[in-house]
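Q: Listed below, chain by chain, are the residues.
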Amino acid sequence: MIRCEDLRWGAPGQPLTPAANFELPKGSLTAVIGANGSGKSSLLKVIAGLQKPLSGNVMLDVPRRGSLSFLPQQQHLDRQFPISLQELIAAGLWGSKLSPALRSQKLAAVLDDWCLSGLEQRPLMALSGGELQRALLARLSLAEAPLLLLDEPHAALDELGQALLWKHLHNWHAEGRTLLIVCHDLAAVRQHIPQTLLIKSSGCVLGPSTELIHQQPHAQVA
Amino acid sequence: MLAAIPLWQPFHEFVFMRRALLGGLVLACSTAPLGVFLILRRMSLIGDAVAHGILPGAALGFWFAGLSLPALTLGGLGAGLSMAGLAAWITRRTGLREDASLAAIYPISLASGVLILGKAGKRLDLLHLLFGSALAVDGPTLTGMLWVSGISLIAMVLIYKPLLLDTLDPLFLQTVSRLGPLAHGVFLTLVVLNLVIGFQAIGALMVVGLMMLPAAAARFWSRRLPVLIGVAALLGCVSVWLGLLLSFYYSLPSGPAIVLVAGIAYLLSVVFGPVHGLLRRPPLLTSQ
Chain A
1 MIRCEDLRWG APGQPLTPAA NFELPKGSLT AVIGANGSGK SSLLKVIAGL
51 QKPLSGNVML DVPRRGSLSF LPQQQHLDRQ FPISLQELIA AGLWGSKLSP
101 ALRSQKLAAV LDDWCLSGLE QRPLMALSGG ELQRALLARL SLAEAPLLLL
151 DEPHAALDEL GQALLWKHLH NWHAEGRTLL IVCHDLAAVR QHIPQTLLIK
201 SSGCVLGPST ELIHQQPHAQ VA
Chain B
1 MLAAIPLWQP FHEFVFMRRA LLGGLVLACS TAPLGVFLIL RRMSLIGDAV
51 AHGILPGAAL GFWFAGLSLP ALTLGGLGAG LSMAGLAAWI TRRTGLREDA
101 SLAAIYPISL ASGVLILGKA GKRLDLLHLL FGSALAVDGP TLTGMLWVSG
151 ISLIAMVLIY KPLLLDTLDP LFLQTVSRLG PLAHGVFLTL VVLNLVIGFQ
201 AIGALMVVGL MMLPAAAARF WSRRLPVLIG VAALLGCVSV WLGLLLSFYY
251 SLPSGPAIVL VAGIAYLLSV VFGPVHGLLR RPPLLTSQ
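Going line by line, the protein sequences match chains A and B.
Numbering-wise (the working numbering), the first sequence opens with residue 1 and increments by one.
Numbering-wise (the working numbering), the second sequence opens with residue 1 and increments by one.
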């Protein structure tokens with residue numbers, strides 16, 4: 001569950017919207033849409049506790065550390081960092097008490113799940129944008145957090161990668177996890193995500209995706 | 001000609017050379033991971049700011065307490081941290097770019113250090129403080145170097161995982177652990193400690209070279225972090241050994257001799273290194 005009360009966020013003295021009040025129930029799958037600069041990514045960071053709100057509160061039904069996974073936009077990673085794909089993904093098991101054998105089993109399974117088998121030893125520098133995005137999603141899968149905040153998870157993914165992503169998103173939703181996803185592809189949101197939070201400078205609107213997004217097969221925000 | 005030089009004789013013959021070698025080798029091992037992480041964290045200039053900052057502190061320590069290891073070390077430690085902290089504070093409060101803020105601190109530190117030393121009298125050879133002297137590594141200094149290196153290596157093993165994640169993906173680490181700021185703080189403290197303990201043997205202005213040059217050179221030899229650290233330590237050790245020999249046979253200050261050998265290793269790595277070295281294939285291009 002995510003409850004925001006009188007929440008304002010943005011640069012100091014320049015809130016992006018009037019105070020917002022909304023509640024996303026436990027196990028809900030919600031898209032966040034809005035124009036560029038409307039504050040979608042910042043909202044996710046505020047909910048994740050990575051950025052302070054200007055005012056108001058965010059309440060979660062789980063502790064932030066360990067129960068919340070946040071997928072930022074992938075440009076934040078230094079592609080020259082001397083680390084392999086496997087080491088990047090294995091960080092998803094941070095704090096887990098599993099035996100080494102179980103850890104490698106889980107790792108192998110998640111690599112397979114995200115079609116990354118065979119790339120384990122590849123350095124970050126040698127990964128394509130889509131492969132890196134799948135690696136970050138695989139790391140997120142390993143963490144098994146009940147609350148997932150995803151900022152443009154489909155970025156850089158090809159058609160196959162996007163199909164894989166939607167499959168996992170639906171699985172996570174079916175498992176009862178709470179998902180909040182920033183997405184620019186309105187047609188995909190309308191098709192896959194039941195609930196949408198629309199951020200506008202006049203305020204936030206939460207409602208069924210089919211009502212908030214008019215039927216435009218190739219509609220894109222920004 | 002180098003082959004004709006007995007490579008072990010000075011260390012066999014003179015206790016001060018053995019001390020300088022042992023101190024330099026352990027320092028090269030403990031500064032290697034620090035240098036590699038400084039580069040990965042894009043904080044290479046912090047080392048310079050701290051090293052320059054050490055100078056006025058050590059000079060003040062000398063002024064008040066004479067040639068005493070604790071006074072020089074404490075003075076250097078306090079001033080090194082203050083100078084790096086002052087640069088960071090100015091950046092945070094005024095928005096001045098970090099590199100500009102650090103670059104402004106260097107000359108202030110250097111000039112005030114040299115002036116204080118001038119006022120303090122001529123008993124302490126300025127050149128030794130700036131550029132190091134193998135003779136400066138006496139028993140207590142060597143003990144200090146062994147302690148600092150040992151503690152550094154143990155601490156780096158303990159903070160390795162959180163520091164790695166904090167460097168690569170701090171946002172991710174923040175969502176799974178509180179250890180990020182702690183790892184960063186411990187890491188910076190280790191950087192200052194190593195620079196301070198190294199300045200007597202290698203010189204305040206040169207010790208940062210032993211920290212950064214092998215680390216920068218290692219980047220051309222591997223894409224794996226543990227290997228990078230190992231290569232940096234090895235290059236640092238070879239530089240200390242050959243540098244001390246050069247210093248001994250040609251009566252050169254030990255710091256510049258060691259750093260110049262490390263510099264040659266760096267330039268050779270730039271040319272011949274298998275990872276993006278000039279003679280190798282162009283960088284592996286990615287779609288990004």
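Be aware that a few hints might be false.
As the list claims (entries may be wrong) - Here are the simulated DSS-like pairs of lysine-lysine, each with C-alpha atoms no more than 25 Å apart in a straight line:
{"#": "1", "chain 1": "A", "residue 1": "Lys167", "chain 2": "A", "residue 2": "Lys52"}
{"#": "2", "chain 1": "A", "residue 1": "Lys167", "chain 2": "A", "residue 2": "Lys26"}
{"#": "3", "chain 1": "A", "residue 1": "Lys26", "chain 2": "A", "residue 2": "Lys45"}
{"#": "4", "chain 1": "A", "residue 1": "Lys200", "chain 2": "A", "residue 2": "Lys97"}
{"#": "5", "chain 1": "A", "residue 1": "Lys167", "chain 2": "A", "residue 2": "Lys106"}
{"#": "6", "chain 1": "B", "residue 1": "Lys161", "chain 2": "A", "residue 2": "Lys106"}
{"#": "7", "chain 1": "A", "residue 1": "Lys200", "chain 2": "A", "residue 2": "Lys167"}
{"#": "8", "chain 1": "A", "residue 1": "Lys97", "chain 2": "B", "residue 2": "Lys161"}
{"#": "9", "chain 1": "A", "residue 1": "Lys45", "chain 2": "B", "residue 2": "Lys119"}
What the hints assert, rightly or not - So, partial list: chain A residues that the calculated Cβ filter (under 7 Å) puts toward chain B:
{"#": "10", "residue": "Leu50"}
{"#": "11", "residue": "Leu68"}
{"#": "12", "residue": "Phe70"}
{"#": "13", "residue": "Trp94"}
{"#": "14", "residue": "Ala163"}
{"#": "15", "residue": "Trp166"}
Derived by calculation from the structure, the hints in this document are not laboratory data.
Backbone N, C-alpha and C fix where the C-beta goes; we use that ideal spot for every residue, glycine too.
Q: Each hint should be assessed against the structure and marked as holding or not.
A: For each hint, the structure was consulted:
1. For a cut-off of 25 Å, the pair hint linking Lys167(A) to Lys52(A) is broken: about 33 Å separates their Cα positions.
2. A hinted pair counts as satisfied when its Cα atoms are at most 25 Å apart, and Lys167(A) with Lys26(A) qualifies at roughly 20 Å.
3. A distance of roughly 19 Å separates the Cα atoms of Lys26(A) and Lys45(A); the hinted pair therefore holds under the 25 Å criterion.
4. For the suggested pair Lys200(A) and Lys97(A), the alpha carbons sit about 44 Å apart, so the restraint of at most 25 Å is broken.
5. With a C-alpha separation of about 19 Å, the suggested pair Lys167(A) and Lys106(A) falls inside the 25 Å cut-off, and the hint holds.
6. Using a Cα cut-off of 25 Å, the hinted pair Lys161(B) and Lys106(A) holds, with the two alpha carbons roughly 20 Å apart.
7. A hinted pair counts as satisfied when its Cα atoms are at most 25 Å apart, and Lys200(A) with Lys167(A) does not qualify at roughly 29 Å.
8. Under the criterion of a C-alpha separation no larger than 25 Å, the hint pairing Lys97(A) with Lys161(B) is consistent with the structure, at around 16 Å.
9. At roughly 54 Å between alpha-carbon atoms, Lys45(A) and Lys119(B) are farther apart than 25 Å, so this suggested pair is violated.
10. Satisfaction of the interface hint for Leu50(A) is found here, the shortest Cβ-Cβ separation to chain B being roughly 6 Å, below the 7 Å cut-off.
11. About 6 Å separates the beta-carbon of Leu68(A) from the nearest beta-carbon of chain B, less than 7 Å, and the hint is met.
12. Evaluation of the Phe70(A) hint against chain B yields a held restraint, the C-beta minimum of about 5 Å falling below 7 Å.
13. The beta carbon of Trp94(A) is positioned within 7 Å of a beta carbon in chain B (closest approach about 5 Å), and the interface hint is therefore held.
14. Against a cut-off of 7 Å between C-beta atoms, the interface hint on Ala163(A) is violated, since the closest Cβ of chain B lies about 20 Å away.
15. Residue-level restraint check for Trp166(A) is violated (minimum Cβ-Cβ distance to chain B is 22 Å; threshold 7 Å).
This entry does not satisfy hints 1, 4, 7, 9, 14, 15, going by the numbered hints stated previously.
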